[in-house]
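Next come the chains, spelled out residue by residue.
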Amino acid sequence: MTFPLLAAGCKGVRALGTPPTPLPDVAVLNHAISAEKLMIARYRAAVSGSPGQAGLLGALLAQHEAHLARLTSRLIDPGATGRARPPSPAATPPASAIDALRAAEQDAANALVGHLTEVSPSLAQLLASIAASEASHALLLGSRGGTG
Amino acid sequence: MTRSKGTPSNPVARSEGTPSDPAARSEGTPSDPATEHDQSVLQSALAAEHAAIYGYGVVGAYLTGRLEQAAQQDWATHQVAMDALVSRLTSAGAQPVAAQDAYQLPFAVRSRAAAVALAAFLEGRVAEAYLGLVALDDPGLRAWGAQQVRASALRATFWSGRTAAFPGLPDPAGTGTAAFARPSAAP
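The listed protein sequences derive, respectively, from chains A and B.
Residue 18 in our numbering sits at position 18 of the first sequence, with consecutive numbering throughout.
Residue 87 in our numbering sits at position 87 of the second sequence, with consecutive numbering throughout.
No wet-lab data here; the hints were simulated from the structure.
Incorrect hints may have been included.
[As the list claims (entries may be wrong)] Label-pair ranges, simulated between beta-carbon atoms: (1) B:S91 to A:I76: 40 to 48 Å; (2) A:P24 to B:D83: 32 to 40 Å; (3) B:T90 to A:A41: 43 to 51 Å; (4) A:G49 to B:A76: 40 to 48 Å; (5) A:L75 to B:T90: 49 to 57 Å; (6) A:G49 to B:Q104: 43 to 51 Å; (7) B:E36 to A:S96: 25 to 33 Å; (8) A:G55 to B:Q73: 26 to 34 Å; (9) A:H31 to B:D101: 46 to 54 Å; (10) B:V80 to A:T117: 20 to 28 Å; (11) B:V80 to A:A54: 38 to 46 Å; (12) B:G93 to A:G58: 47 to 55 Å; (13) A:S73 to B:E36: 27 to 35 Å; (14) B:F107 to A:A69: 29 to 37 Å.
[To be verified] Under 8 Å between C-beta atoms, here's a sample of chain A residues computed to sit facing chain B: (15) H31; (16) L75; (17) L116; (18) S136; (19) L140.
Glycine included, each C-beta is placed from N, C-alpha and C at the ideal position.
Model the full assembly from the supplied sequences, consistent with the hints where possible.
Shown next, in the form of structure tokens:
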């Protein structure tokens, strides 16, 4: 059997030369997607460990899932995000779950803002918006800190 | 400054100005606008600030005590931001857009609950305007715009007791309304 590629005289993958360097947007997106996956895992763990806060945490979890969906939709090949480190949140004692989430939200918001000048205008807007959302999550969680 | 705990009905303390949230006190000065497009976006932000200042005047008229003080604080914050925008536009040789004599409110405000809802609405509009700065090439304006979007989202959460999934952006999925604990003060 003759493959069309060979029949066309192609010299194979090597002939294509060095793959192009991914745009900065892709690297930042993968970081952001990984961070959202980790946050979602943290929230799911917290919901199961803090049933008294399930309403609040469930609502914030839904917003993180929306963040993840919107970030992922910007990749041509969403499967590529499989390279992201699999989320593995440390076990959090229920008593400090809310405080731990609040700190994680604040860190995540700050990390996103740190990438703003590296990316395209539209992605910068999305990252800034998600960062603002996460900062407001932190504000809300702060008002419920220590109630685990 | 940290407000005493409590949104109109939900306890949400503000964190502006705290070390953990440096973006919350963000009424600093943007960098020089370099292009006409930059100036156009700054003008839009200025127009949103004018509307917010007018709106907070209405908000404050229906509130008392702690919430009235909060409205006054936010009114003052928007004044500072407005001044910064006017200064930048003027120094760039542009004529800053003027405030209108009055603005059409999105709904009738005749109660405390409606006033609180208006404050949250105003912050949403302001966040939308500042997100325009985030799309500019100027790194300083991009960063300042992001700080303002964040500060506005925090104020909106204070007033509404809710968070939005995408402050300043359209949210066709409606996740921005995924409220938990709807405040009784909201209409």
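Against the structure, the hints come out as follows:
1. B:S91 to A:I76: 40 to 48 Å: 43 Å, holds
2. A:P24 to B:D83: 32 to 40 Å: Since P24 (chain A) and D83 (chain B) have Cβ atoms about 35 Å apart, the given range 32 to 40 Å holds.
3. B:T90 to A:A41: 43 to 51 Å: 50 Å, holds
4. A:G49 to B:A76: 40 to 48 Å: 42 Å, holds
5. A:L75 to B:T90: 49 to 57 Å: 43 Å Cβ-Cβ, so the 49 to 57 Å window is violated.
6. A:G49 to B:Q104: 43 to 51 Å: 48 Å, holds
7. B:E36 to A:S96: 25 to 33 Å: Given range 25 to 33 Å: violated, Cβ gap about 52 Å.
8. A:G55 to B:Q73: 26 to 34 Å: 29 Å, holds
9. A:H31 to B:D101: 46 to 54 Å: 48 Å, holds
10. B:V80 to A:T117: 20 to 28 Å: 25 Å, holds
11. B:V80 to A:A54: 38 to 46 Å: 40 Å, holds
12. B:G93 to A:G58: 47 to 55 Å: 52 Å, holds
13. A:S73 to B:E36: 27 to 35 Å: 32 Å, holds
14. B:F107 to A:A69: 29 to 37 Å: With Cβ atoms ~31 Å apart, the hint holds.
15. H31: At 17 Å from the nearest chain B Cβ, H31 (chain A) fails the 8 Å test, so the hint is violated.
16. L75: 18 Å, violated
17. L116: OK, holds: L116 (chain A) within 8 Å of chain B, min 6 Å.
18. S136: 4 Å, holds
19. L140: 6 Å, holds
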